[in-house]
Each structure stands twice: as structure tokens, then as C-alpha cells.
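S.K.: Below, each chain spelled out in residue letters.
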Amino acid sequence: MASPAIPQFNGTLGKIYDWVDERAGISEIMHELLDEPIPGGTKYAYAFGSALIFIFALQSITGVFLAMYYVPSAEDAHKSVEYIMKEVPFGAFMRGMHHYGSSAMVIMVVLHILQIVIWGAYKQKRELLWLVGAGLFQLVLAFSLSGYLLPWDMKAYYGTVVTVGIASEVPIFGDMIKRVIIGGTEMGTITISRFFMVHVFLLPALTAGGIAAHLYLFRKAQPAGPFNMTEQEALFKVEPFWPGQVFKDAVFSLVVFAILAYLSWSTLAPLEPKADPSQTQYVARPEWYFLFLFQLLKYFPGSTAIIGSLVIPGLVMAIITFLPFLDRNPERHPLKRPFIMLGTLALLVAIGALHLLAKRDDAQNFAAQIKAQEEEGALFLREPFEPKDTSRKALVAAAPAPEAFIKNCAVCHGENGEGGPAGPKLVGIAKKENRGKEDIAGLIENPSAYGASKMPPMPQVSATDRVAIAEWVHGLK
Amino acid sequence: MSELSEVDKTKRLFMGLGSIVIGAGIGGALAYPIFQFAVGNALKASESGDDKNWIELGSVSEFKEGEPTAKKITIEVRDGWVKSSSDETVWVVKKGNDFLTFTATCPHLGCKVNWIPERGEYFCPCHNSAFEPTGEKKPGAASARGLDTLEYRVADGKLEVVFQKFKNLLPTKEVFS
Chain A
1 MASPAIPQFN
11 GTLGKIYDWV
21 DERAGISEIM
31 HELLDEPIPG
41 GTKYAYAFGS
51 ALIFIFALQS
61 ITGVFLAMYY
71 VPSAEDAHKS
81 VEYIMKEVPF
91 GAFMRGMHHY
101 GSSAMVIMVV
111 LHILQIVIWG
121 AYKQKRELLW
131 LVGAGLFQLV
141 LAFSLSGYLL
151 PWDMKAYYGT
161 VVTVGIASEV
171 PIFGDMIKRV
181 IIGGTEMGTI
191 TISRFFMVHV
201 FLLPALTAGG
211 IAAHLYLFRK
221 AQPAGPFNMT
231 EQEALFKVEP
241 FWPGQVFKDA
251 VFSLVVFAIL
261 AYLSWSTLAP
271 LEPKADPSQT
281 QYVARPEWYF
291 LFLFQLLKYF
301 PGSTAIIGSL
311 VIPGLVMAII
321 TFLPFLDRNP
331 ERHPLKRPFI
341 MLGTLALLVA
351 IGALHLLAKR
361 DDAQNFAAQI
371 KAQEEEGALF
381 LREPFEPKDT
391 SRKALVAAAP
401 APEAFIKNCA
411 VCHGENGEGG
421 PAGPKLVGIA
431 KKENRGKEDI
441 AGLIENPSAY
451 GASKMPPMPQ
461 VSATDRVAIA
471 EWVHGLK
Chain B
1 MSELSEVDKT
11 KRLFMGLGSI
21 VIGAGIGGAL
31 AYPIFQFAVG
41 NALKASESGD
51 DKNWIELGSV
61 SEFKEGEPTA
71 KKITIEVRDG
81 WVKSSSDETV
91 WVVKKGNDFL
101 TFTATCPHLG
111 CKVNWIPERG
121 EYFCPCHNSA
131 FEPTGEKKPG
141 AASARGLDTL
151 EYRVADGKLE
161 VVFQKFKNLL
171 PTKEVFS
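These protein sequence lines are chains A and B, in that order. Count the first sequence with this note's numbering and you get residues 1 to 477, in order. Count the second sequence with this note's numbering and you get residues 1 to 177, in order.
In silico DMTMM-like cross-links for lysine to aspartate or glutamate, where the CA-CA straight-line distance does not exceed 20 Å:
id	chain 1	residue 1	chain 2	residue 2
1	A	K79	B	D79
2	B	K83	A	D389
3	B	K9	A	E239
4	B	K11	A	D35
5	A	K477	B	E76
6	A	K43	B	D8
7	A	K393	B	E56
8	B	K44	A	E386
9	A	K393	B	D51
10	B	K83	A	D76
11	A	K79	B	E76
12	A	K388	B	D79
13	B	K83	A	E386
14	B	K9	A	D35
15	A	K86	B	D79
16	B	K83	A	E75
17	A	K248	B	D8
18	B	K83	A	E87
19	A	K477	B	D79
20	A	K237	B	E6
21	A	K388	B	E76
For the record, the hints were derived by calculation from the structure and aren't laboratory data.
Produce the entire structure from the sequences given, and follow the hints as far as they go.
M.R.: Shown next as C-alpha cells:
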């Protein structure tokens, strides 16, 4: 088989190659995989699909290794992610790659779809290829939704509360669907465990199978080639997949990799404090690429909510999925398909506009709270790692609150320092700056001197009680 | 495709090698962080430092002369992101004013040894290592050394030990930490 993609070896290496080739059929596979003719020649515009496979591989590798430390339970999920971020060598980098990789996946899938739409490359008996692709697109979104919950921090918790809330808007079966998704009526370990299983076993298996089917159907249909050449012209300029297209794909993937590695290295993937269902001030926002959907919900109040949450997105997704059946026009040149091009543009503009409106709305109404949340998240990531103490010593050490605390402080801070409507949580306060035992005792007497200007001074608490309270509060974990 | 010009051949070679170099480069750039991540903190020295952590076994008067007694102790272990408690057994034998304090872990491959009063020996059921009441290994034992003794002291009439783990298999006792 004379093929430029098949390596030619001489001497002993050649003999070894021949021996293996006769048994494993390497040459045949290489020929099938690499000598695929590309009508019209190789192009960077065709690199998005390969880049998607590359990012999927990156996500799989980083994901598999993250699972080495991650524990899917309400008790441990957040702590194990914090451990990855703060204690495991290259943990922040690995989670960063996975975190930013998920955004890269969504961006790339959109670019891939846009390229196919602009090129009209879904036409001419490519319906099945497109359908499998649409399925893969939805799997990418499912990956994103299921992975979002796993760190079990504030944004994971509230983001998922909203998502399952939307699922419950489905008529008749809504509540049932919601219960099945979260595994009962309360979000907790069972919920995390389901999302974890879906995220790391079910979706990867479906995606791998989907990619295989997509590639097979792609090879079967053959590349569509440029939209501005006739089939004869394109065949005249044919180039094989190897090495021209492989090289372009590799260069493009390298750029993607470099950007992801730089981001992971320079900017910590966010991790907020552990999910706290009692927190009432938290402003929950989805991941940036779902922000437009979130904005859409605002325009459909009350009983019309389902229009914004399920009907419109569902219709758009249905149109995308069945595009090759809806658009039977064989013309491929984008300028001769004004309806499809303008429709695509309108969709992109609508998504962009909704995104900007969501941003503007947040900047006008929630800027302070969102900034405070970001700062709290950043502070949390800077705090030194404190292991979860389940030792018997710690159980013994958890002494009851002193009487003076119950009398003077518990009204606002809660009986166990867990925080209340008027006072912040005191548990773990010793980890914050300037909150030693003496600082706490001093703060009780003169809060504003210690930056707690919202708290009233407590002159009625005696010096001895102040020390006792400070001692106890400082030990709260 | 059979008649490639020299220019095309060079270009193809460049692109082919370029693809391989990029692939290898990305693989290499990922391999190091992944390796470090996977090893994790497994090779990090434990945090306890040089401070001896004395664990109380009970009042000196509890122990009967020459009779091996199993004492359960609770040690603090750091298990990844969790600080937790774990139970271990220490064998204690009173010898006049002195004590023999052994860890119950067999120095061979780490199973637990039990005291068999009828035979007057400590016995490890995994690979039939038997040890004298003094802790020395009996002939034919799979273990390369006798039972590992733990440092002890008597403070305020209480017997205390420092619990440690030791390396397997070696003929001499070496701390594993």
C-alpha cells in the first residue's frame, strides 16, 4: 500500500515494524485514518472539531486525576476540593485546567457549529452526522451542569438549586423530575453522588461513543470542502489529512493548550466557602455561558415562567437539532442563504444582548454583593488549609458556650456562633486576620476599633467574661 | 499523490515532524504536573516533628508481673483533609520496675501479632512468625527482626508510650514516617 502517511523504516527497525504490522495491521489503520482526502485543501477553519477532541481528552485526563482526591459527599466534597486547591502539588493547576477547559469546550463547540453552519456543511446526506453532533452538543452542556455542583460551594449549591427548580417547571411531571434529579427533597450527598456518577461515568461513556459515531459518519459522508468551489474544482485541489490538516489541528490545539495552561497557572479556579443553605444574601449566578438563559427567565414572571426557561430554549434547541431537515436547500454559499445566515446572526445577537443585559442588571443592582462574594471567595482561597477535625479529641474539646455568650451574643450570632440574621458566623473566625483571642476580647468592648463597626459595643460584659467568650469563640471550628 | 516535488516533500516532512513535536510537547508539559499531582503528599515528611507525643496506657499498678497485656490506644492521624482518630494495640509486659512495650504490628509484612498463652509466644497468623515473650523472634519466623519496642516512661504513676510505626522487613528497627 503506497501511502505517504505510512512510515518507511529500513534495517532492523523495518523488520520489527513489518513483524508488528503483519499482525496488528498498523499500515491499514494509518491509511484509513490519515490519508483521508480533503477536497479543496487543508484549512485552519477545519480545526475546531479536532480541538474539541483534544479538549475532551484534556478534560478526561485532568478529570480522572481529580477523582483521585475528590469525594462525592456533602460532608467531604468541598473539603476535598479545598485540599486539591491548597495542599496537593499542582492541585490548583489541575483543577484550573479542568475548570477553564469546561469553558473552552463550550466555546469550541459553538465555533464548530458556526463553522459548519456558515460552510453549509450539514447538507447533502449529512443529517445523521449533524444529529449525532447535536447530541454531543447537548452532552457538553450536561457535563457543564453536572460538574458545576461537584465542588459544593455556595455557587455550586445555589446554581443547582435554580437548575433543578427549572426542571420542576415541566408540567405534571415537574416535581417528580426534580425529586429524581436530586434524589429526594433535600439536596445533599445523594444529589452529589448522582451528579458525580453522571459526570464521570455516564456522560464520558456517551460522549466517547458519540464521538466515535460522529467521526465514522464524517468519514462516510466525506468532508464537504469549501463552499465557493464546485465539486470538480475541490477535487482538483485535494490534499490528504496527513500531514497538512494534522499539523494545522496540532497548532490550533497547542494555542488552546497554552491559553488554558496560562489561565490555570495565573488565575486560581474559583472556590467559595462551603454551601450554606441558610445564607439569604447570596446572589446566585450560573456559569458565564448560561448567563443569557438566566436573563431570559426574568422576562417571564409567574405562571409564564416556563416560556423563558423551557419553551424558548427548547424550541431553539429543536431547530438547531433538526436544521438539516428544515433547510433542504442544496446551496452552500453563505451569501446565497440569507435566511439561515440572518437567523444565526439574530440568535447570536440575542444571546449576546441577553448576556450584556444580565451583566448590566447585576452591575446596577447587585454590584456590592457580587463583589463581596468574589472577595469572600478570594479570601477563602488565600486562607491556609485547615483539616477537618473528626478526632475524638476535637469532639471532647467542643465545649458548650459560656453563659455570658448566651446572654449577650447569641441573639445575633446564634447559640453556637453559627451566625444569625443580624450577626456574622463566628465559627472559624480565628483563621481571619487580626482575630486572636485578645483581639476578640477587645472587639467585644470596642467593636469599631477592630473593624466591626456594625456591632454595638458591649459595656455590660465584664472583663473576665470577655476573656471567657474570646477563649471559646476563638476555638470554634 | 505518488509524484511529490522536492518542495512538497520538505513541507510534508516539516508538518509531519511538527505535529509529532507539538503532540509530544503537550504530553510532556502535562506529564510533570500530573505525576506530581498523583504522587500528592505521599512522600511528604509527617508534620509531627520531633515532639514526642506521650500516650497514656494506664496506671502502673494495673499491670501484672510478666503477663502480656493488650492495651488499646487512640492515636491522631492526618488522613488527607481529615484529622481523625484511629485505634492501635500495644502489648505491655511488666518486668519488676521496668516494662516491655511492643507495638502489635508484625515487623514482617504488617499483620497484627497476638499473645498465645498456651504456647507462651506472640504469634503472627499471616506467615507464622512466632516471638518470645521478650519480643525476640523465634527460629523459623518469617520476620527478619523481633517485635518493635516503643519508648516508654512512667509519669505520676502512669505508664506512657510514644507510638510509632516502623519499616517492614528490615533486620533492624527504623521509623517509618
